[in-house]
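J.: These are the residues of each chain, in order.
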Amino acid sequence: MMADKKSPEKPDKPFFVGYLPMPAALARFYWPLALLLLAAAAAAGHFWAMQQQSAGEATWRPAAPEVLRGVLTLRPYPALHRFHPQNPGRIESVLLVGQGKHAANLPARFDGRAVAIRGAEILRGNWRMLEIPSVTENENGHENSGENSGTISLAEIPDENALRAELGFESLGGVVFRGEIADSKCFLGVMKPGAGAVHKACAELCLLGGIPPMLVVQNAQREKFGYLLLNTDGTSAAKSLAPLAAESVQVRGELLRQGDLLFVKMNAGGLARF
Amino acid sequence: MSHGFVAVQWNRRKLLYDLCIWACVALYLALFIGASDLAGADALSAPIVLMRALSTCAFLMLNVILCIGPLARLSPRFLPLLYNRRHLGVSMFVVALLHAALAIYWYHGFGVINPLASIAIVGGDFPFQLLGAIALAILFLMAATSHDYWNATLGGPLWKAIHMLVYPAYALIIAHILFGALQQNDTGFAPWMAMASVCVVGGLHILAALFKSGADFHAAKSSAETSWLDLCDWHDIPINRAQIFALRGAERVAVFRYRDNAGATKIAAVSNVCQHQNGPLGEGRVMDGLITCPWHGYQYRPEDGCSPPPFGEKIPTYRVKVEGARVLLDPAPLPAGSPRPVVEIPGEK
Ligand code: HEM
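Residue numbers (this note's numbering), protein chains in the order written: chain D, 1 to 274; chain B, 1 to 349.
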């Protein structure tokens with residue numbers, strides 16, 4: 001018989017067959033590897049989460065609806081105007097939007113009237129927005145406190161006439177701004193982050209649904225300012241700007257103020273991307 | 001080894017493997033969510049955090065899946081990871097599906113367009129979500145056909161082709177990450193992970209291709225006078241193992257030296273390709289007189305290339321002869337499952 005050094009009788013390395021017991025040498029390799037993988041999974045989860053950037057301070061409170069009182073205007077975008085609770089010399093204008101990716105849908109007969117509206121607050125900086133469910137009214141058309149109160153009802157408010165006198169549009173002259181076209185609802189706090197290219201599809205759907213489009217302009221101190229955008233005829237630019245949602249653009253137009261809302265009247269077709 | 005309608009033929013190995021997968025997934029998700037800012041004024045939206053946790057988890061799982069193949073080729077020590085890789089694949093699909101469902105619900109839901117249609121309609125010039133959706137469709141196809149039943153029904157080559165689609169799916173997911181994040185002003189961390197992934201996965205595949213094909217496959221030399229190929233000295237084949245020889249074209253032959261159940265030493269040559277999932281039989285062993293595939297333990301008789309009853313797998317066989325110490329091979333394959341004389345090495349007990 002030949003001496004055969006090259007082919008030892010015993011297999012040189014443990015051979016794994018799934019349905020047979022694991023060779024001891026392999027088991028010694030795999031138990032520490034399993035523990036290592038568990039530790040790596042935990043570390044990777046923590047690490048990756050820490051790389052996320054802040055979306056800024058903003059809140060949405062769907063679980064705690066509020067009732068706000070003021071004068072309602074439906075055009076160009078539905079808004080409720082009131083004297084600022086903390087600073088009664090100033091007007092606060094609260095934008096109104098519907099639930100999901102839809103504009104607020106309010107009966108035209110409330111336009112220009114003093115009303116009480118119930119909805120979920122969306123807050124960012126000095127901005128206050130109210131998300132309101134589809135409209136239900138009380139039988140008598142009046143506000144009715146308690147469990148059964150509807151979304152909107154006529155209300156008595158002090159200084160109603162003084163308030164209404166302040167709600168005309170005031171032109172502030174020509175402007176050129178560079179910024180991102182955001183849907184105001186997500187940007188003001190419903191989605192965090194609610195701007196940027198990753199959010200484009202959502203922003204586009206929001207604008208198609210009639211959510212007011214907002215040009216978000218950032219200054220050198222990284223402070224953000226929002227300007228609502230209007231077509232040159234003063235109507236909602238939501239649908240005309242939908243394809244440009246989440247894009248960075250240069251806007252040239254006329255700056256307007258109503259209450260404490262700032263608008264830019266512009267030609268959506270003439271916007272330059274940058 | 002059968003592939004009837006049994007959903008999963010559980011054994012201790014598979015249970016431990018799956019337990020380990022889901023423990024890793026649970027730990028990853030828990031730590032991701034735990035480390036994200038979810039309370040207070042500058043909190044991130046919970047669905048977005050969950051969407052990111054699931055997406056990055058699925059992506060890491062995909063990377064592990066893609067590294068197992070080359071690792072197992074570089075060192076047989078990693079073969080046990082390959083044994084149950086399909087469970088890892090299906091688990092990854094489930095995690096990716098949850099990510100996609102949440103993205104569709106949150107970003108495409110509640111609007112004026114059907115959420116599923118919306119993926120294709122809105123999103124601008126770089127619809128990165130559409131790329132993700134195509135990748136998800138591929139992963140679904142793979143997960144749905146992952147069972148051995150489909151392997152047997154569709155046939156090895158078609159099944160293998162479907163499962164090679166994991167590479168296009170991976171490319172689509174890299175593009176999904178890059179086109180999503182790179183459009184953002186502050187691009188963040190994901191593109192770096194995508195680049196690192198391409199380096200690791202690509203690097204391992206290149207390493208495996210370089211070191212493995214060169215080291216393990218021997219080119220067969222043809223002897224001038226006859227059609228028989230002179231392969232090697234039979235002493236060079238370790239006992240109960242094989243050497244793999246590349247014939248002309250892509251064909252590979254595994255030549256085994258083994259001890260049969262009666263204690264005689266024999267030489268037998270068969271195709272190197274396991275009928276189950278194209279596993280490299282020549283990297284397997286002869287156990288209890290049967291050639292055993294290193295991937296999933298499928299077995300074949302050296303005498304005729306047939307799986308022992310009740311199994312029905314068959315592989316092509318080759319004729320060999322031994323002259324002196326040299327092993328010679330007739331390069332014409334015999335039809336799968338053909339018996340032919342195996343050569344006994346006289347005096348070797
Ligand atoms: C219908 C299919 C899909 C849709 C709609 C979709 C949607 C999205 C969205 C919207 C984001 C951005 C998330 C954010 O940061 O806010 C994202 C990121 C991501 N997706 Fe998908 N996705 C899909 C399929 C997939 C698949 C199959 C994978 C495979 C693993 C995947 C992996 C990722 C990864 C790794 C990110 C980056 C996360 C980060 O930036 O932290 N996606 N996807």
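Hints listed in this document are in silico derivations from the structure and should not be mistaken for laboratory results. Glycine residues also receive a C-beta, built at the ideal position from the N, C-alpha and C atoms. One should not assume that every hint holds.
[As the list claims (entries may be wrong)] Pulled a few chain D residues facing chain B out of the computed Cβ check, cut under 7 Å:
id	residue
1	31
2	32
3	38
4	57
5	59
6	62
7	63
[Said to hold, decoys possible] Chain B is nowhere near these chain D residues, computed Cβ spacing over 10 Å in every case:
id	residue
8	111
9	120
10	191
11	247
12	260
13	267
J.: Against which earlier hints does the structure fall short, listed by number upward?
T.: 1, 2, 6, 7, 10 and 11
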